[in-house]
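For the sequence shown, the numbering used here assigns the number 51 to the initial residue and increments by one for each residue that follows.
Accuracy of the hints is not assured; some may be wrong.
[What the hints assert, rightly or not] Here are the in silico distance ranges between beta carbons for each label pair:
1. 245 to 368: 43 to 51 angstroms
2. 464 to 442: 17 to 25 angstroms
3. 318 to 78: 47 to 55 angstroms
By construction, these hints were calculated from the structure, which means they are not laboratory data. We put the beta carbon where it would ideally sit given N, CA and C, even for glycine.
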Amino acid sequence: QKLLLEYPHSTYSASAFYSLGWCLFEQGKFQGAKDKFMAMKQAFPVSPLAKEADLKLAECLYQLKDYAGLRNHLELFLKSVSGEGEDSALLKFYLAESCYYLQDYPCAKENYASARKLSRDDDLISLIELGLGWCALKANEYPEAKTHFEQILKTQGEENAWENALLGEALSRQISQELEPALESYEKLIIMAKNPATRLDAILGKAEVLCGLARYKEAVAVYEQAGSFQGPEFDQPKIARLTSGAAEAVFYLGKAYYDNGDYLSGYLSLRNFRDKFPVSSLKDRALILEGLCLKSLRRYQEACGIFRLSAGSSQDSGISARAELELNDCLYTLGKIEEALSGFEAIRAKYPPSEATVSLALLKLAGHYAQENKLDLSKGYLLDLISSRPEPDILDEAYQRIVKVCKAMGDLKEAISYYRLSLKESPRDLLRRQFQLAEYLEEAGEFQEAIGLYSGIAGDSALLAKGLLRCANISENSGDWESALRFYGMAAELNVPESRFAIERIETIKGGDKE
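Go ahead and model the full structure; you've got the sequences and the hints to work with.
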């Protein structure tokens, strides 16, 4: 500094600028070092040290994370230097890094590959392999990413590169749904990582993998561990990742309890969610699930309060509709019948017919009036439901109910016509329903069609045997003993429990007892 002040134009000034910049760089004062190297280049553009200054300037820009400035500097500088040697490899590496952080991944991959061809330095090669691995990860090329990361892990390269390689390998496995190996890598990294930021990434990754494995209780504990972190590595993106992930873990823990029938634990977990994550994107789903837990615990009055809160606060019309449905169902259970029926009618009027909740409200109304023996009203609601073309499960239920209502009204032929429609429109569990249609036809006196359906059952020997016994019984009742024996014989050959009765009946008929 003294030399530069007293002899600014000395032949030693260029060396002084460079040396001062180098000292500042070694002290971690990268901005000051950058200023000195730039000043030297401007004052002594043809100095033999100009190339060295350009190289150190690139390192300063890299340390300062000025990736746009670094890219601009290197694209100019690389045009003036030889493309061989370790310095060129380092410059290509810095250019690749600048492209990576500027999210130009194809450019980054190209320059990492160029640097890899030039370098013989093991530590730099580790960093290059790391960059290639992360580029592959960004391009969703997970097998290639794992290959690069595993190369570093095998060689035990530069320490920071090794940690980041293990992190990348764990992440690539996590994204590829190789969750158990990913969990193992994250746990290893949590123990071994010296970089706090890398360790925090590993903890968050472990929690996410545990959620993926549906081990939500463990995930909640790991997120709580991550929440105890302090320091600059806990930046806004990581805070957002922690908050979002922790909310997801607590929500799905509550949902898992509910799905497994542990409604009290589910309620407590979801109540905890409401307190901790009031602005989470999952809050509407959590609130209605909390109400369902209370409903399953038969705490209907409390459930009503939660469903009212959900219906009034959710911006999602589907969730609001579901909350209103559950509220009115609880009111119905509490004996507030008229209020509940009015609520179901309000849902029908408020939401489009395609909304699943409207279909469920119609089922509730139809069920109530069927119990009250107001069959015309019940049938009307069911016809409205069928005409709205609901989802298959609900459509099937509507058909089953309208068949029962028609039978109860004494119109067996209409019941059969609806049953035929249900088979066409919802052909699930076809064999059982074919058998039931045959029963209805038999009851209606349509014996030949019933026999055709009973005997045409294929793929279920036990059900076919029952059908053949019914065919034999119809034949006996009509005095057609030859057909009866034939059907009993077919049932006997199936070797199912019903076959024993068929054999006994054959022996009885042949013995002359036809009663």
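Status of the given 17 to 25 angstroms range, CB of residue 442 versus CB of residue 464:
23 angstroms, holds
How does the Cβ-Cβ distance of residue 318 and residue 78 compare with 47 to 55 angstroms: does it lie in that range?
At roughly 50 angstroms between Cβ atoms, residue 78 and residue 318 fall inside 47 to 55 angstroms, so the hint holds.
That 43 to 51 angstroms hint for residue 245 and residue 368 (C-beta), does it hold up?
45 angstroms Cβ-Cβ, so the 43 to 51 angstroms window holds.
No hint from the list above goes unmet by this structure.
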